[in-house]
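Chain residues, written in single-letter form:
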Amino acid sequence: MHASVRPILSVKIPPTVTSAAARETAAALSMRMTISKLNFFYGSKQVLFDISMGIATNKVTSLIGPSGCGKSTLLRTLNRMHEAVRSARLEGEILLDGQDIFTQDVTAHRRRVGMVFQRPNPFPKSIFENVAYGLRINGSNVPIPDAVEKSLRHAALWDEVKDHLHKSAYELSGGQQQRLCIARALAVEPEVLLLDEPCSALDPISTAKIEELLVQLKDLCTIVTVTHNMQQAARISDFTAFLLTGQLIEFSPTPQLFTTPGDPRTEAYITGRFG
Amino acid sequence: MNSRLRWRKFVSRFMLTMTGVCALVSVSVLFFILGHLVYHGGTSISWAFFTKLPAPVGETGGGMANAIIGSAKMLLLATLIGVPVGFFGAIYLAEFSGGATAFVVRYAADLLNGVPSIVIGIFAYSIAVLPFKRFTTLAGGFALGLMMIPITLRSTEDFLRAVPTALREAAMALGASKWKSIVTVIVPAAYRGILTAVLLAFARVAGETAPLLFTALGNRFWSPGWNQPTDSLPVAIYRYAISPFEDWHRQAWAAGLVLLGLILVINIVARAILSRGIAVPRA
Amino acid sequence: MATTTTTVPSAGPVAGSRSFLSRLREGDEIARIITFLFAASVVLITLLLVFELWQGSVLPRHKFGFNFFRTSVWDPIFDQFGALPFIYGTLVTALISLLIAVPLGIGAAIFLAELAPPRISDTLEFFIDLLAAVPSVIYGLLGVFVVIPLMREYIQPALKNTLGFLPFFQGPMYGMGFLTAGIVLAIMVTPYIISVSREVLLSVPRDQREAALSLGSTHWESTWKVVVPFARAGIMGSIFLALARALGETMAVTMVIGNAPVISASLFSPGYSIAAIVANELTEATSNLHYQSLIELGLVLFLLTFILNGLARLLIVATTQRGGGMGNA
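Chains as they are written, first to last, in the numbering used here: chain A, 1 to 275; chain B, 1 to 283; chain C, 1 to 329.
The hints are simulated quantities; they were obtained by calculation from the structure and are not laboratory data.
Glycine residues also receive a C-beta, built at the ideal position from the N, C-alpha and C atoms.
Treat each hint with caution, since some may be false.
Claimed, not checked - Derived DSSO-like pairs (lysine-lysine); straight-line CA-CA distance at most 27 Å:
#1 B:Lys-9 with C:Lys-225
#2 C:Lys-225 with A:Lys-150
#3 C:Lys-63 with A:Lys-167
Stated by the list, open to error - Here are a few chain B residues that face chain C, going by a calculated C-beta distance under 10 Å:
#4 Thr-19
#5 Phe-31
#6 Val-129
#7 Phe-132
#8 Leu-167
#9 Phe-214
#10 Val-269
#11 Ile-273
Unchecked claim - For each label pair, taking beta carbons as the anchor points, the in silico distance ranges come out as:
#12 A:Glu-83 with C:Pro-157: 48 to 58 Å
#13 B:Ser-243 with C:Asp-79: 28 to 38 Å
#14 A:Ala-201 with B:Val-38: 50 to 60 Å
#15 B:Pro-56 with C:Ile-263: 39 to 49 Å
#16 C:Arg-313 with B:Gly-61: 32 to 42 Å
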């Protein structure tokens, strides 16, 4: 479980480059989630070092970085999925709406912070039942068919499936399945939606559709994505965080990070000198 | 946390605990069985048990030497039948055969494997006993051998297939003919798995009773040679257990302990051989 | 002087004298032929078995036809053979065994696949595999000396006192009978359900579980509403396997069922199963019709287990191979 703030290793970590503009914006915006001095370990191996950042409400925040930099690990701490791994250990603080997420019930927390995975993973059920799943187990104030329709509309999938709601989810194409997973996650009305490389298993057309969708969804909830694809981050996100070997190197509004990066390592990454 | 969530969490804890109970109950059956065998039969295991013939009906004492020897003879015969057929048949499947033939052979082997042992007994009775009008050790060994064939065949084939292609190609590149590469390279590479397969098949048929009821029948005395009915541990256990004599019950327990002990030891040894060896797929 | 053309040596064994090559090929040919003969013998044996069962039951099949399965008089003296009591007994005991073994087995498999840490899961699975290796006659031994007294003195009276208004729990209590046989069978087939279901559950892709959890499911909800349904084909397969085993079980059943060709609603009643009567009467059949009727019973068993095993294999392979994107198997 979560321990009090006390780093085990005293590693010299250069301060994260956060521009003045970013600090101003941060002050002006409300933060749906805040991460403070997060250190993460698998057993004795440390994979995240002293990460502090904020997730702005109703904005899209992207985590970018080379393979193995820890961006997915960081994402998964936000909805406490790391707790399924026995050796995982976390120090530091994560707040949702000002409350420490580790003092809340984990099942209730995961309803508020939803997740969409890299490969589409619909349940072995019909399209309708996939979206209805979260509503059935958590209970719903609204009649379920209405809530299902609403979610599918938000995921830009309703028109394509409205006459086939009781067909198996596996009959949909890859891109449609991923939008179904988004609808499924949206059905429980989360405050934050986490997406772990949501388009990496999809073709370019489906990718474009989902990117468009994510930009629209930020009015509904706060979005955090992990992506391998820098152009995607540049296209859709308001804020971008660049991670390298478990450290947060730079965190700025997206246009700024991509045009005038503050750290030479960021520049090296976005210009493709390593990846 | 609202009350609905509280209830859901309670249900979760409760049901998951129940699954633990199910696992505990299932596993403890093994120890329950062993415990009873040791408790009721342990004291009856003596030198006499292993060396004496059964005493006349109604008298106490005596042993099961004839049943033990009978089992040993029939198991030997079963191995001589089951292992070569399974082994060479598997070599054919893994090294020589084409898709269609392989499918037919495998299908037949799986079919044979799934046949209830009593039906195997009927089959052995109709071709090994009726024509000769006698119950024999040979027929018993034959029935057991039939049961060993599919187990040895499928397992050996799996282990032969698991030998990396690189090894085969290396042997061929050095000029070895196919059968030579099989004998000198492939089979030795898979020997652990093959040995395990043979041991497990042996342990499986060692406990079989039904087929023996129709082939070797039973015998309260020594059964010299191969052409007479013979007793065996499983059949003796059955006969003694359903008898009205207390002393025979005691001996049934002892025999059960010996039989199960043998089977469990072979199973454990076989798995130990396998786990210590190269990673090969479980049959 | 004319130049002698040399042939380019071919790749592979030295292209020396023909006899070397053919000897080599012969060696492989002989190996191929020998191993083929062994493999073919397996097919031949299986064909012969089916033939013997079919041919060996020709008399009752022609004489009784399908009435064999509908009449319940089994009278060697008057050469009347109806298999209904044995079919009834076999089905009832198999059903009882599944009613107990399926929840028990799936529950244990869920524990082993979802909850237990890998080392414990493997250790417990090891014990379950050992249980599957215990021979039928040993279960019978425990059935006779432990289960029957337990039934007669505690369980049957308790059932009669609480549920005696049901026809299932009425009648004299001897300790043996349908219920006892069903319970012993349940213990015997549970390991099969556990080990196959465990494997099938372990092969469910991790992200199914994670997707359920990330929607705010409790651990039990994610297991029961997502993981188990995903694996349901394989679990059905394990149940078919268990059923096939229960139908063909001989020794344990014949030692505790009472061996009386009775059809009764009461589970306390002694009964008979197909395998049990074959075991008891085959070598002492009084007439050819009697003998062949028993063979026909063997044929029935063979066909039932053949179908069940075949279905089971299909279902299990379908679930474990297609790990992702194939939930509606």
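Here is how each hint holds up against the structure:
Between B:Lys-9 and C:Lys-225 the CA atoms are separated by roughly 15 Å; this keeps the pair inside 27 Å, and the hint holds. Taking the CA atoms of C:Lys-225 and A:Lys-150, the gap is near 23 Å; set against the 27 Å cutoff, the hint holds. Restraint check for C:Lys-63 and A:Lys-167: the C-alpha separation of about 51 Å exceeds 27 Å, so the hint is violated. Restraint check, B:Thr-19 versus chain C: the minimum CB separation of about 4 Å is within 10 Å; hint holds.
With a cut of 10 Å, the hint placing B:Phe-31 at the interface with chain C holds, because the nearest CB-to-CB distance is about 8 Å. A cut of 10 Å between beta carbons decides the hint on B:Val-129: the least distance to chain C is about 8 Å, and the hint holds. The closest approach between the C-beta of B:Phe-132 and any C-beta of chain C is roughly 14 Å, which is over the 10 Å cut-off, so the hint fails. The beta carbon of B:Leu-167 comes no nearer than 18 Å to any beta carbon in chain C, farther than 10 Å, and the hint placing it at the interface is violated.
The criterion of a C-beta within 10 Å of any C-beta in chain C is met by B:Phe-214, whose closest approach is roughly 6 Å, and the hint holds. A hinted interface residue such as B:Val-269 counts as satisfied when its beta carbon comes closer than 10 Å to some beta carbon of chain C; here the least separation is about 12 Å, so the hint is violated. Because the closest C-beta pair between B:Ile-273 and chain C is about 14 Å apart, greater than 10 Å, the hint is violated. Checked against the given bound of 48 to 58 Å, the beta carbons of A:Glu-83 and C:Pro-157, roughly 49 Å apart, stay inside it.
For B:Ser-243 and C:Asp-79, the Cβ-Cβ distance of about 31 Å falls inside the hinted range of 28 to 38 Å, so the restraint holds. Distance hint for A:Ala-201 and B:Val-38: a CB-CB separation of about 57 Å, consistent with the stated range 50 to 60 Å. Against the hinted window of 39 to 49 Å, the Cβ-Cβ separation of B:Pro-56 and C:Ile-263 comes to about 41 Å, which satisfies the hint. Between C:Arg-313 and B:Gly-61 the beta carbons are some 50 Å apart, a value that contradicts the proposed interval 32 to 42 Å.
In this structure, the earlier hints numbered 3, 7, 8, 10, 11, 16 are contradicted, and the remaining ones agree with it.
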